[in-house]
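4 protein chains.
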Amino acid sequence: MDYQKVLAEIAAELQGIENIGKVAAYIPELGKVDPDKFGMHLLTTDHRHYSVGDSEERFSIQSIAKVMMLTLAFELEDEKLWERVGVEPSGTNFNSLVQLEYENGIPRNPFLNAGALVLCDILISRLSNPKQQLLDYMRKAAGNPDINYCPRIAESERLTGFRNTALVNFMKSFGNIKNEVEVVLDFYFNLCSIELSCRELTQLCLFLAADGVNPANSERIISSRKSKRINSIMQLCGFYDEAGEFAFRVGLPGKSGVGGGIIAVLPGEYSVAVWSPKLNQKGNSYKGMRALELLTTKTKSSIF
Amino acid sequence: MDYQKVLAEIAAELQGIENIGKVAAYIPELGKVDPDKFGMHLLTTDHRHYSVGDSEERFSIQSIAKVMMLTLAFELEDEKLWERVGVEPSGTNFNSLVQLEYENGIPRNPFLNAGALVLCDILISRLSNPKQQLLDYMRKAAGNPDINYCPRIAESERLTGFRNTALVNFMKSFGNIKNEVEVVLDFYFNLCSIELSCRELTQLCLFLAADGVNPANSERIISSRKSKRINSIMQLCGFYDEAGEFAFRVGLPGKSGVGGGIIAVLPGEYSVAVWSPKLNQKGNSYKGMRALELLTTKTKSSIF
Amino acid sequence: MDYQKVLAEIAAELQGIENIGKVAAYIPELGKVDPDKFGMHLLTTDHRHYSVGDSEERFSIQSIAKVMMLTLAFELEDEKLWERVGVEPSGTNFNSLVQLEYENGIPRNPFLNAGALVLCDILISRLSNPKQQLLDYMRKAAGNPDINYCPRIAESERLTGFRNTALVNFMKSFGNIKNEVEVVLDFYFNLCSIELSCRELTQLCLFLAADGVNPANSERIISSRKSKRINSIMQLCGFYDEAGEFAFRVGLPGKSGVGGGIIAVLPGEYSVAVWSPKLNQKGNSYKGMRALELLTTKTKSSIF
Amino acid sequence: MDYQKVLAEIAAELQGIENIGKVAAYIPELGKVDPDKFGMHLLTTDHRHYSVGDSEERFSIQSIAKVMMLTLAFELEDEKLWERVGVEPSGTNFNSLVQLEYENGIPRNPFLNAGALVLCDILISRLSNPKQQLLDYMRKAAGNPDINYCPRIAESERLTGFRNTALVNFMKSFGNIKNEVEVVLDFYFNLCSIELSCRELTQLCLFLAADGVNPANSERIISSRKSKRINSIMQLCGFYDEAGEFAFRVGLPGKSGVGGGIIAVLPGEYSVAVWSPKLNQKGNSYKGMRALELLTTKTKSSIF
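Chains as they are written, first to last, in our numbering: chain A, 1 to 304; chain B, 1 to 304; chain C, 1 to 304; chain D, 1 to 304.
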C-alpha cells in the first residue's frame with residue numbers, strides 16, 4: 001500500500017475544506033495554538049514511516065495519555081481492575097454524573113475523566129514513585145527517552161480543574177478513591193500535560209497494533225490478550241459521545257484528546273496519529289476525524 | 001483452522017459449567033422453551049459448515065431481526081436514515097426514555113426498541129407491502145425460502161406490548177413516527193416473531209462477513225461500505241448495556257436477542273450463531289456469550 | 001375587606017403591563033381564544049361575590065378539573081389512594097418520565113398528567129358510569145346543573161394525545177393501570193374538556209375554603225381532614241414546575257390549567273378564580289399569577 | 001388552647017409506638033446520641049412556653065441552621081438572591097446532581113446542600129467576618145447570647161465532607177461560587193455544627209410566626225413580606241424528598257435536620273420544635289413527624 005501517496009491526497013483534500021470548529025480554550029495554554037496546524041503520521045508494524053504536514057511538531061496530547069494509564073493499570077491489576085471501573089460506553093455527557101451516582105461511584109469506562117481519575121488512584125497505590133514510573137513506562141513503550149510532563153500546562157489544568165475536583169470528591173464519598181484528593185489530581189493533571197508529535201504518538205502506541213509488543217525492539221509492553229482488550233475499549237469508549245460515529249465512519253480503535261490529536265490503530269498493520277486543533281461539537285478534532293475517514297476509505301482498512 | 005474441533009471443545013467445556021440466568025418470560029410463548037438447549041453453528045465465507053448441539057432447531061430470534069430491518073432501511077434511505085436514528089451506544093437502560101426526551105424523539109441507535117420502531121416506520125413509508133417485502137429480502141439474503149413470521153408469538157408480543165406502545169406514541173409526539181401507531185407496532189411485533197435455527201442464522205447474516213455479498217450465490221445484499229457500517233453499529237450497540245463487555249471478551253460485531261440467540265461475524269472469515277435460552281442480568285444469553293468468548297480465544301479471531 | 005375595590009385596582013394595574021406569554025396551541029381549539037381576555041371572581045365563604053372583567057365568560061378549565069378527580073378519588077379510596085400515586089412535587093418536567101420509571105410506574109403526585117390518568121383509572125374501576133357520576137359530583141359541589149363535557153375539545157385532545165397515550169401504556173406496563181387504555185384516555189380527555197367561567201369555578205371549589213362543605217347549601221363534599229390535604233397537595237404540586245414560585249409570590253393553595261385559568265383558596269375566607277389565556281414559560285397564566293400576587297399583597301392574605 | 005395537655009398526650013401516645021428508623025451516623029459525633037431521646041417545645045407569639053420530655057437538652061440542629069442562613073442572605077441580597085438559587089422543590093435526591101448540571105449550577109432551592117453552600121458563598125462575599133456576624137444574627141433573633149459553633153462536630157463534618165466538596169467544586173465550575181472552596185466549606189461545616197435545645201429553637205424561629213418580628217423584644221429580624229416568603233420556601237422545600245408528605249400530614253411550614261430535630265411555625269400563633277434522633281428513610285425524624293402530625297390534628301392548626 002502506498003501510504004505516502006494516500007497521506008498526501010488526504011492533506012490536499014482537507015486543505016480544500018472549511019476548517020470548522022473551535023480550538024479548546026478551557027485552559028489558556030491550549031487556546032494559544034495555531035488553529036490551522038495539520039499533521040499526520042502513519043507507522044507500520046514493520047517500521048515504515050509516512051507523514052504529511054506538521055507531523056513533527058509537538059502538541060498537548062491530553063486525554064490520549066489515558067491509553068497509557070489504562071495499559072499500565074491493567075498490567076498491574078489484571079482483571080481486578082474492573083471492580084473499580086467499567087468497560088461500557090457512557091451515553092451522553094449529560095448523564096455522566098447521574099450514572100456515577102446510580103452506579104455507586106464506579107465510572108462506566110476508563111476514558112471518562114472519572115475513570116481516568118480512578119486509574120490514577122490505582123497507580124498511586126501500586127507504585128512507589130508513580131509520576132516517574134509512568135513516564136518511564138511511556139518512554140519504554142515509545143522507545144523515546146524524551147517524553148516529559150509539561151509543568152506549565154499541568155498548573156493551568158489545576159487552576160481550572162473544579163469539575164475534576166468535584167469528580168474525585170464525589171467518588172471518594174463512595175469509597176472508590178483511596179488516596180488523598182490532591183495527590184490524585186496532581187498526578188492526573190500532569191498526565192494530561194504531556195506534549196508529543198504525531199510521529200512520537202505512533203511510536204508510543206504501535207504496540208497496540210502489534211499484539212502488545214513494541215516491534216522496534218521486540219519488547220513486550222502488555223500481553224496479546226490485554227492488548228486486544230484495550231483496543232476494544234478504545235473502539236467503544238475512545239471518542240466521548242461520538243464513539244459510534246467514529247466506528248461508523250473510520251472503523252478503527254482509537255482515542256482523541258482536546259488538544260486536537262487522535263491516535264488510532266489497525267491491528268497487525270499500523271498506528272496512525274493526526275493533529276488538527278479545531279474540535280467539533282463533541283470535542284473531537286474536526287479535520288482529524290475527516291482525515292482518518294479518508295484514510296480507511298482510500299485504503300479499505302476498517303476493522304469491520 | 002479446525003473449527004469443528006473448536007466447537008466440540010466449547011460444547012464440552014460449557015457442559016461442565018452451571019447454566020446461570022433466566023429464560024425470558026415477558027411473553028408466555030418464550031417461557032415455554034427448554035432452558036438447557038444449546039446449539040452453535042459456524043459458516044465460513046467459503047461455504048464450510050461446522051456445528052454442535054441443537055444447531056438445527058429453530059428458536060425465536062427476536063431482536064436479531066433488527067439487523068435485517070437496519071440493512072434494508074439503510075439500503076433504501078442511504079445517509080438520510082441518520083436524520084431519524086443515531087449510531088451511538090445508549091448507556092444504561094435506565095436513561096433510555098429521558099434520552100429520547102432530551103434528544104427530541106430521535107433514538108440513539110437502531111437496535112434500541114425505539115430505534116427499531118423508527119426503522120419499521122421508515123420501511124412502512126417506503127414499501128408498498130412492507131411485511132411481505134422484508135420477508136422476501138430476508139429470504140434472498142439467507143438463500144432460504146422458508147423464513148416466516150410466527151403469528152402466535154406476534155400476537156403474544158402484542159398483548160403485552162405496553163412499553164413499545166408507549167415508545168411509539170412518545171416518538172409520534174415528537175413527529176418521528178409518520179404512520180399509524182397500530183400499523184408500526186403490528187410490523188414490529190411480526191418482525192420479532194421470526195424463528196430460525198443457528199444454521200439458518202449464519203446463512204442469513206453471512207453477507208456481513210463478506211463485504212455485503214451473499215457468497216453462496218454472489219448476490220449483493222448491500223454495498224461493501226454499508227456492510228462495514230452495519231458491523232460497526234453491531235459492535236457498539238448490539239448487546240444492550242453490555243456492548244463493551246462483549247467487545248472486551250469476544251471482540252466481534254454481533255447482535256443478541258432475548259430468545260437466547262446471538263449472531264456474530266468475523267469480517268472476511270465467518271458468521272457464527274449460538275443459542276442458549278438462559279439470559280444473564282443484562283438480557284444476553286449467558287452460555288452464548290461464554291461460547292463466543294471461547295471461540296475467539298481458541299481461534300485468536302477477535303477483530304482487535 | 002373591600003374586595004371589589006381590590007379587584008378593580010388589580011384589573012387597572014394589569015391593563016398597564018405588557019401581556020407577555022403565549023396562548024396554548026397544542027390543540028387547535030385552545031388556540032382560537034382571544035388572548036386579551038381577562039376575568040377574575042372572588043367568592044367568600046359567607047356568599048359574597050366580587051368580580052371584574054370577563055368573569056362570566058366560559059373558558060377551557062383543562063387541568064383544573066384534576067382537583068375534582070382527586071377529590072372524588074380520595075373520597076372513594078381513602079388512604080389506599082396513596083398506594084398508586086404520591087404527594088410529592090415532581091421537580092422539572094424533564095425528569096418526569098425517568099422518575100416514573102425509577103418509581104415503578106407510580107406518579108409522584110395527582111396533578112401530573114400521569115397522576116391524573118391513574119385517578120381516571122381508579123374512578124373507572126370504582127364507578128358504574130364514571131363520566132356521568134363525576135359530572136354529577138361536580139354539579140353538586142358547584143350547585144350548578146349546567147356543567148358539561150365539551151365533545152369538540154375532547155376530540156381535539158384525543159387527536160393529538162400521543163404523550164398521554166404513551167404515559168398510560170408505560171404505566172400499564174408496570175401494572176398501575178387496570179382498565180383498557182382507550183377507556184382511561186377517553187375519560188381523561190373528557191375531563192380536560194370542561195368549560196366554566198371564573199364565577200362558576202369559585203363556586204365549584206368553595207368547599208376547599210370551607211373545610212369540605214359547600215357553604216351555599218351546607219352539603220359536605222369531603223371531610224375536613226381530606227379538604228386540608230387536598231389543599232396541601234395543591235400548594236405543593238398545583239403549578240407544574242412553578243409551585244415554589246407560586247407559593248413564594250402568592251402564598252395560597254391553587255391549581256392552574258393551560259386554558260389560562262387558575263383557582264386558589266384562602267382557607268376560611270374565600271375561593272378566587274382568574275383567567276387570562278397567555279401562559280408564561282412554565283405553562284401558567286402570566287397575568288393570572290400577577291393578579292393573584294397583587295390580591296394577596298393588597299389584602300395580606302397569604303396563608304404564610 | 002391547652003397546649004400543655006396536648007403535648008403531654010402526644011408524648012404519651014408516642015411512647016407506646018415502636019421507635020422506627022436509624023440515627024444518622026455519617027459523622028461519628030452524630031451517632032453517639034441516645035436514640036430514645038424525645039423532647040418537644042411550643043412557644044406562642046404571646047410568650048407562653050409549653051414543653052415535654054428532653055426539651056431543654058441540646059442536640060445538633062444541622063440543616064435547621066439553613067433557615068437562618070437564608071434569612072440573613074435574603075435580608076442582604078433582596079430579590080437578587082434568586083439569581084443564584086431557586087425556590088422550587090427538587091424532586092428525588094437521585095436527580096439532584098443532574099438537575100444542577102441541567103440548570104447550569106443554580107441549585108433549585110436554598111435548603112438543598114448545594115443551595116445552602118451558595119448562601120454561604122453569598123454571606124462570605126457580603127460580610128467582613130461572616131462566622132461571627134451570622135452567630136450574632138442568630139443570637140439576636142433568639143434573644144440568646146449562648147449560641148455557638150461546635151468545633152468538634154464541624155471538624156467531623158469536614159473529615160467526611162467529600163460530597164459537599166464535590167458540590168462546591170461543581171458549582172464553581174459553573175461560576176456560581178465566588179470565594180475559595182475551602183473558605184465556603186469551613187463556613188458551611190461550622191453552621192451545621194450548632195447545638196440548641198427545643199426551647200432555644202422555638203425562640204430562634206419565633207419571628208417566622210410573627211411576621212418577621214421577635215415578639216420578645218419587638219425587634220424586627222426581617223420584613224413581613226420576606227418572612228412569609230421564607231415560610232413558603234420551608235413549606236415546599238423543608239423536608240428533603242418528603243415535603244409533600246409533611247405538608248399533607250402536618251400542614252405547617254418547617255425545616256428538619258439529620259440530628260433528629262424539626263422546627264415548624266403556625267403563622268400568627270406559635271413556633272414548635274421537636275427532637276427525636278431516629279430518622280425515617282427520607283432522613284426526617286420519625287417520631288418528630290408523628291408528633292407534629294398529632295399536634296396539628298389535635299389542635300386543628302394546619303395552615304390549610
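FYI, nobody ran anything at the bench for these hints, they're computed from the structure. Careful, some of the hints might be misleading.
Just so you know, same-sequence chains aren't split out, so a pair can sit in one copy or run between any two.
As the list claims (entries may be wrong) - List time: in silico DSS-like cross-link candidates among lysine-lysine, alpha-carbon distance up to 30 Å:
#1 Lys226 x Lys300
#2 Lys32 x Lys178
#3 Lys22 x Lys80
#4 Lys32 x Lys278
#5 Lys226 x Lys282
#6 Lys298 x Lys178
#7 Lys5 x Lys178
#8 Lys131 x Lys5
#9 Lys22 x Lys32
#10 Lys22 x Lys178
#11 Lys22 x Lys140
#12 Lys178 x Lys226
Hint by hint, here is what the structure shows:
no., hint, in the structure
1, Lys226 x Lys300, "both (26 Å within a copy, 13 Å between copies)"
2, Lys32 x Lys178, "between (36 Å within a copy, 26 Å between copies)"
3, Lys22 x Lys80, "between (39 Å within a copy, 27 Å between copies)"
4, Lys32 x Lys278, "within (12 Å within a copy, 49 Å between copies)"
5, Lys226 x Lys282, "both (28 Å within a copy, 24 Å between copies)"
6, Lys298 x Lys178, "neither (48 Å within a copy, 38 Å between copies)"
7, Lys5 x Lys178, "neither (51 Å within a copy, 47 Å between copies)"
8, Lys131 x Lys5, "neither (40 Å within a copy, 48 Å between copies)"
9, Lys22 x Lys32, "within (12 Å within a copy, 46 Å between copies)"
10, Lys22 x Lys178, "between (37 Å within a copy, 28 Å between copies)"
11, Lys22 x Lys140, "neither (34 Å within a copy, 48 Å between copies)"
12, Lys178 x Lys226, "within (25 Å within a copy, 46 Å between copies)"
The structure fails hints 6, 7, 8 and 11 (numbered hints given earlier, in ascending order).
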